[in-house]
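Asks: Here's the letter readout for the chains.
Number of protein chains: 2
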Amino acid sequence: MRLSRYFLPTSKEIPSEATIPSHQLMLRAGMIAQAGSGIYTWLPLGLRVLKKIEEIVRQEQNRFGAQEVLMPTIQPMDLWKESGRYGCYGEELLAFTDRHNREMCYSPTNEEMITDVFRRYVKSYKDLPISLYQIQWKFRDEIRPRFGVMRGREFLMKDNYSFDLDKESAIRSYQNMYQCYLRTFNRMGLVAIPVKADPGAIGGNMSQEFNIIAETGENELYYHKDIETMRTQSLDSIDLEKLQGLYAASGEMHDPATCPIHEKNLVVKRGIEVGHIFYFGTKYTRSLNALVNGPDGSLVPAEMGSYGIGVSRLVAAAIEANFDDRGIIWPESIAPYKVGLILAKSKDGVAIKLANDIYAQLQENNIEVLYDDRNASTGYKFADMDLIGLPWQVIVGKNAASGYVELKNRKSGELYQIHSEELLGKL
Amino acid sequence: MRLSRYFLPTSKEIPSEATIPSHQLMLRAGMIAQAGSGIYTWLPLGLRVLKKIEEIVRQEQNRFGAQEVLMPTIQPMDLWKESGRYGCYGEELLAFTDRHNREMCYSPTNEEMITDVFRRYVKSYKDLPISLYQIQWKFRDEIRPRFGVMRGREFLMKDNYSFDLDKESAIRSYQNMYQCYLRTFNRMGLVAIPVKADPGAIGGNMSQEFNIIAETGENELYYHKDIETMRTQSLDSIDLEKLQGLYAASGEMHDPATCPIHEKNLVVKRGIEVGHIFYFGTKYTRSLNALVNGPDGSLVPAEMGSYGIGVSRLVAAAIEANFDDRGIIWPESIAPYKVGLILAKSKDGVAIKLANDIYAQLQENNIEVLYDDRNASTGYKFADMDLIGLPWQVIVGKNAASGYVELKNRKSGELYQIHSEELLGKL
Numbered sequence: 013m014r015l016s017r018y019f020l021p022t023s024k025e026i027p028s029e030a031t032i033p034s035h036q037l038m039l040r041a042g043m044i045a046q047a048g049s050g051i052y053t054w055l056p057l058g059l060r061v062l063k064k065i066e067e068i069v070r071q072e073q074n075r076f077g078a079q080e081v082l083m084p085t086i087q088p089m090d091l092w093k094e095s096g097r098y099g100c101y102g103e104e105l106l107a108f109t110d111r112h113n114r115e116m117c118y119s120p121t122n123e124e125m126i127t128d129v130f131r132r133y134v135k136s137y138k139d140l141p142i143s144l145y146q147i148q149w150k151f152r153d154e155i156r157p158r159f160g161v162m163r164g165r166e167f168l169m170k171d172n173y174s175f176d177l178d179k180e181s182a183i184r185s186y187q188n189m190y191q192c193y194l195r196t197f198n199r200m201g202l203v204a205i206p207v208k209a210d211p212g213a214i215g216g217n218m219s220q221e222f223n224i225i226a227e228t229g230e231n232e233l234y235y236h237k238d239i240e241t242m243r244t245q246s247l248d249s250i251d252l253e254k255l256q257g258l259y260a261a262s263g264e265m266h267d268p269a270t271c272p273i274h275e276k277n278l279v280v281k282r283g284i285e286v287g288h289i290f291y292f293g294t295k296y297t298r299s300l301n302a303l304v305n306g307p308d309g310s311l312v313p314a315e316m317g318s319y320g321i322g323v324s325r326l327v328a329a330a331i332e333a334n335f336d337d338r339g340i341i342w343p344e345s346i347a348p349y350k351v352g353l354i355l356a357k358s359k360d361g362v363a364i365k366l367a368n369d370i371y372a373q374l375q376e377n378n379i380e381v382l383y384d385d386r387n388a389s390t391g392y393k394f395a396d397m398d399l400i401g402l403p404w405q406v407i408v409g410k411n412a413a414s415g416y417v418e419l420k421n422r423k424s425g426e427l428y429q430i431h432s433e434e435l436l437g438k439l
Numbered sequence: 013m014r015l016s017r018y019f020l021p022t023s024k025e026i027p028s029e030a031t032i033p034s035h036q037l038m039l040r041a042g043m044i045a046q047a048g049s050g051i052y053t054w055l056p057l058g059l060r061v062l063k064k065i066e067e068i069v070r071q072e073q074n075r076f077g078a079q080e081v082l083m084p085t086i087q088p089m090d091l092w093k094e095s096g097r098y099g100c101y102g103e104e105l106l107a108f109t110d111r112h113n114r115e116m117c118y119s120p121t122n123e124e125m126i127t128d129v130f131r132r133y134v135k136s137y138k139d140l141p142i143s144l145y146q147i148q149w150k151f152r153d154e155i156r157p158r159f160g161v162m163r164g165r166e167f168l169m170k171d172n173y174s175f176d177l178d179k180e181s182a183i184r185s186y187q188n189m190y191q192c193y194l195r196t197f198n199r200m201g202l203v204a205i206p207v208k209a210d211p212g213a214i215g216g217n218m219s220q221e222f223n224i225i226a227e228t229g230e231n232e233l234y235y236h237k238d239i240e241t242m243r244t245q246s247l248d249s250i251d252l253e254k255l256q257g258l259y260a261a262s263g264e265m266h267d268p269a270t271c272p273i274h275e276k277n278l279v280v281k282r283g284i285e286v287g288h289i290f291y292f293g294t295k296y297t298r299s300l301n302a303l304v305n306g307p308d309g310s311l312v313p314a315e316m317g318s319y320g321i322g323v324s325r326l327v328a329a330a331i332e333a334n335f336d337d338r339g340i341i342w343p344e345s346i347a348p349y350k351v352g353l354i355l356a357k358s359k360d361g362v363a364i365k366l367a368n369d370i371y372a373q374l375q376e377n378n379i380e381v382l383y384d385d386r387n388a389s390t391g392y393k394f395a396d397m398d399l400i401g402l403p404w405q406v407i408v409g410k411n412a413a414s415g416y417v418e419l420k421n422r423k424s425g426e427l428y429q430i431h432s433e434e435l436l437g438k439l
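Protein sequence lines correspond, in order, to chains X and D.
With my numbering applied, the first sequence has no gaps in its numbers, which climb one by one up to 439 at the end.
With my numbering applied, the second sequence has no gaps in its numbers, which climb one by one up to 439 at the end.
Hints may be right or wrong, so weigh each one.
Identical copies go unnamed one by one, so any copy, or any two together, can satisfy a pair.
[To be verified] Below 20 angstroms or equal to it, Euclidean Cα-Cα: the simulated DMTMM-like pairs (lysine to aspartate or glutamate) are:
1. 150 - 115
2. 64 - 80
3. 350 - 80
4. 276 - 240
5. 135 - 336
6. 63 - 80
7. 135 - 25
8. 138 - 385
9. 423 - 336
10. 64 - 267
11. 438 - 380
12. 208 - 275
13. 254 - 103
14. 350 - 253
Rather than coming from a laboratory, the hints here were simulated on the basis of the structure.
Could you build the full structure based on these sequences and the hints that come with them?
Replies: Okay, structure coming up:
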């Protein structure tokens with residue numbers, strides 16, 4: 013993409029409404045535009061990141077055997093009355109009546125709705141286990157929306173629901189998603205710490221939250237120091253049983269008086285919740301009468317779990333974990349483009365030709381490149397490119413005549429003089 | 013995908029609530045499940061088709077220079093007061109107040125919102141033309157939702173908005189989308205007829221609707237008979253000026269008394285509206301004060317057009333144009349899978365091995381295949397496969413020992429005896 017034609021409204025000014033780095037940087041980098049309190053429009057650069065994160069989530073859900081569906085954002089409240097959760101969400105639930113005076117709501121979560129699909133079509137243990145997920149917008153009418161898309165009102169979420177015949181199998185489904193989540197966040201270049209959590213309005217007594225460590229995180233985390241070491245290892249070599257055996261709790265679940273590990277082994281950090289998994293057994297299948305025939309012919313309520321990932325929040329969380337004073341530093345797998353190509357001498361015919369050639373070559377080789385071909389000062393271009401944080405910068409300027417360019421790694425700041433013919437090999 | 017593990021709740025029974033073929037077939041083929049009046053959950057098979065259509069729309073939007081953004085589904089009503097459209101949509105607009113008593117609505121269309129983004133960031137004629145689109149869920153609170161996703165309340169739409177400096181350039185943007193739409197529908201294997209239309213609540217005096225011909229269509233179309241011939245030609249050879257010069261009008265725009273062409277040249281058919289393009293000039297940019305600096309330094313309101321495609325409706329429209337008494341007949345580009353592989357003798361070891369081998373081979377070659385490996389009767393499998401309408405069926409049964417299979421074309425019904433080694437070449 014040529015920047016001269018790209019809708020990328022960057023800004024040097026720190027927006028006064030934004031107090032945390034990710035919110036400031038997403039506004040400054042032209043990734044989002046506020047459309048209302050806690051409601052955002054995703055501009056082209058931001059949407060690219062959102063879609064990359066969404067696609068990694070989707071691929072890993074599929075890899076772990078889940079099937080994608082898509083539920084509507086608006087749902088009738090009848091099911092909530094049936095399940096007994098009517099009223100549980102309080103004012104956070106965006107509820108209203110339609111023109112026929114039917115009570116409706118904007119889905120904040122979909123346990124009822126998916127259980128309704130399940131009970132209509134799945135009748136036998138032979139069709140179990142089954143794991144269905146969607147990636148869909150949700151709405152929670154937060155009393156004080158803040159921190160941009162980190163705690164917005166309308167947000168994109170992956171929600172998965174598993175149905176099993178018995179508890180043993182349901183726990184396997186839960187563990188399957190636990191592994192899937194470790195892998196999902198790893199692929200995004202993020203280290204997520206799983207901690208024991210409060211199930212809240214979803215229910216059940218077994219639940220874990222996945223948190224990205226960041227100073228601006230709203231959660232307090234207490235966990236064994238070995239978890240941090242283990243979470244930086246390659247996934248294949250992790251002893252999952254050991255990882256799950258180590259103490260790890262969110263603030264509301266941690267009690268210093270009963271904490272089983274010694275203080276010297278306890279890490280206390282702040283984290284951003286990006287995933288949450290729940291096992292809640294038959295809470296919804298009993299109330300909604302979602303029964304299946306067991307092998308012995310008896311009718312039993314299916315065992316359920318649900319599993320969320322905050323897809324839009326992950327964009328902000330990834331920034332909180334990866335930025336410096338000049339801007340964002342994207343992990344390569346979720347970067348909007350891999351390479352930022354900068355034409356540093358925009359009036360120089362030789363440099364223009366070389367930059368155009370490199371642009372064409374990168375495109376031919378399917379390397380995602382954003383080409384700053386604008387008629388602007390070099391300093392302005394450098395600042396913009398650092399701000400939007402693409403992993404690699406290719407600068408075409410003073411040595412263009414000899415075919416040399418500069419290759420800069422945004423994260424390390426390392427700068428290489430390199431001949432344009434060697435560029436592809438390096439990238 | 014193995015059908016034994018796939019969530020595909022097919023049914024022989026014609027649902028009583030469904031009166032048109034696409035609605036009946038989408039329910040029977042396990043593509044959708046009703047979640048409320050005019051509100052549907054997309055099950056795995058249906059979602060695959062929806063995503064294929066969405067992706068073709070996206071690729072063609074990008075090809076024609078549009079940039080993707082994503083606006084929220086919920087928006088504040090303030091902008092509608094500013095534009096003067098507050099109240100225009102009547103009860104079809106799903107409006108409500110949030111917990112702070114602010115008036116909000118579920119977007120039925122986004123002219124105001126995109127103009128707000130535009131006026132905040134685009135200040136100069138140098139940044140024009142610009143074309144922004146999104147693919148997002150909309151809600152229109154229809155008084156009588158009917159025909160399944162054809163006239164549902166929550167529906168997926170592609171909406172594009174163009175901004176230009178002057179009328180001449182705006183007409184070029186309009187024509188650009190006109191071409192883009194012809195190409196988009198062609199790629200889906202559908203013939204869309206563009207007719208002059210009533211701009212309605214969007215406004216302006218230049219608008220065309222794209223219709224798929226179908227007996228169940230809600231629109232009456234009147235057009236010159238040559239249009240039908242031209243629309244079956246390859247796109248590259250079409251004379252666009254000639255096509256646009258031929259008489260074509262929707263029911264509300266057609267008046268027999270003033271119709272300029274002879275009755276013998278007039279075709280009267282029914283159609284399903286799947287796209288609508290509008291040029292409305294400065295209607296929104298004036299009221300919302302979206303001004304840009306012209307080359308002469310003067311401030312002028314940008315010229316606008318908007319362009320919609322009914323993405324979820326297209327799933328149903330494609331079926332209305334392609335079905336028989338046994339089920340759906342998908343055009344290949346939007347089929348959920350290209351091949352349905354049927355193990356016709358599910359107890360025969362040789363047949364099982366051959367079917368498994370073919371399944372592995374098709375997957376390795378990235379041919380999308382749904383493998384009916386279920387332990388069910390052959391008749392049941394044949395009926396299901398005809399119902400879901402994949403373009404090709406590969407039947408592994410009685411001649412498996414000699415390596416022969418049957419290859420069936422769902423549309424033509426032609427059946428070939430073919431050696432399994434020749435299958436890949438044929439597909």
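Asks: Hint by hint, note whether the structure agrees.
Replies: Right, here's what the structure says about each hint:
1. 150 - 115: both (17 angstroms within a copy, 19 angstroms between copies)
2. 64 - 80: So residue 64 and residue 80 pass the 20 angstroms test inside a copy (17 angstroms) and across (14 angstroms) alike.
3. 350 - 80: between (28 angstroms within a copy, 19 angstroms between copies)
4. 276 - 240: Close inside one copy (14 angstroms), not across copies (80 angstroms); limit 20 angstroms.
5. 135 - 336: For residue 135 and residue 336, neither the intra-copy (54 angstroms) nor the inter-copy (30 angstroms) Cα distance is at most 20 angstroms.
6. 63 - 80: both (16 angstroms within a copy, 11 angstroms between copies)
7. 135 - 25: between (59 angstroms within a copy, 17 angstroms between copies)
8. 138 - 385: between (60 angstroms within a copy, 14 angstroms between copies)
9. 423 - 336: within (9 angstroms within a copy, 59 angstroms between copies)
10. 64 - 267: Classified as neither: same-chain Cα gap 38 angstroms, cross-chain 51 angstroms, threshold 20 angstroms.
11. 438 - 380: So residue 438 and residue 380 pass the 20 angstroms test inside one copy only (14 angstroms; across, 34 angstroms).
12. 208 - 275: Classified as within: same-chain Cα gap 18 angstroms, cross-chain 76 angstroms, threshold 20 angstroms.
13. 254 - 103: Classified as neither: same-chain Cα gap 41 angstroms, cross-chain 58 angstroms, threshold 20 angstroms.
14. 350 - 253: neither (36 angstroms within a copy, 42 angstroms between copies)
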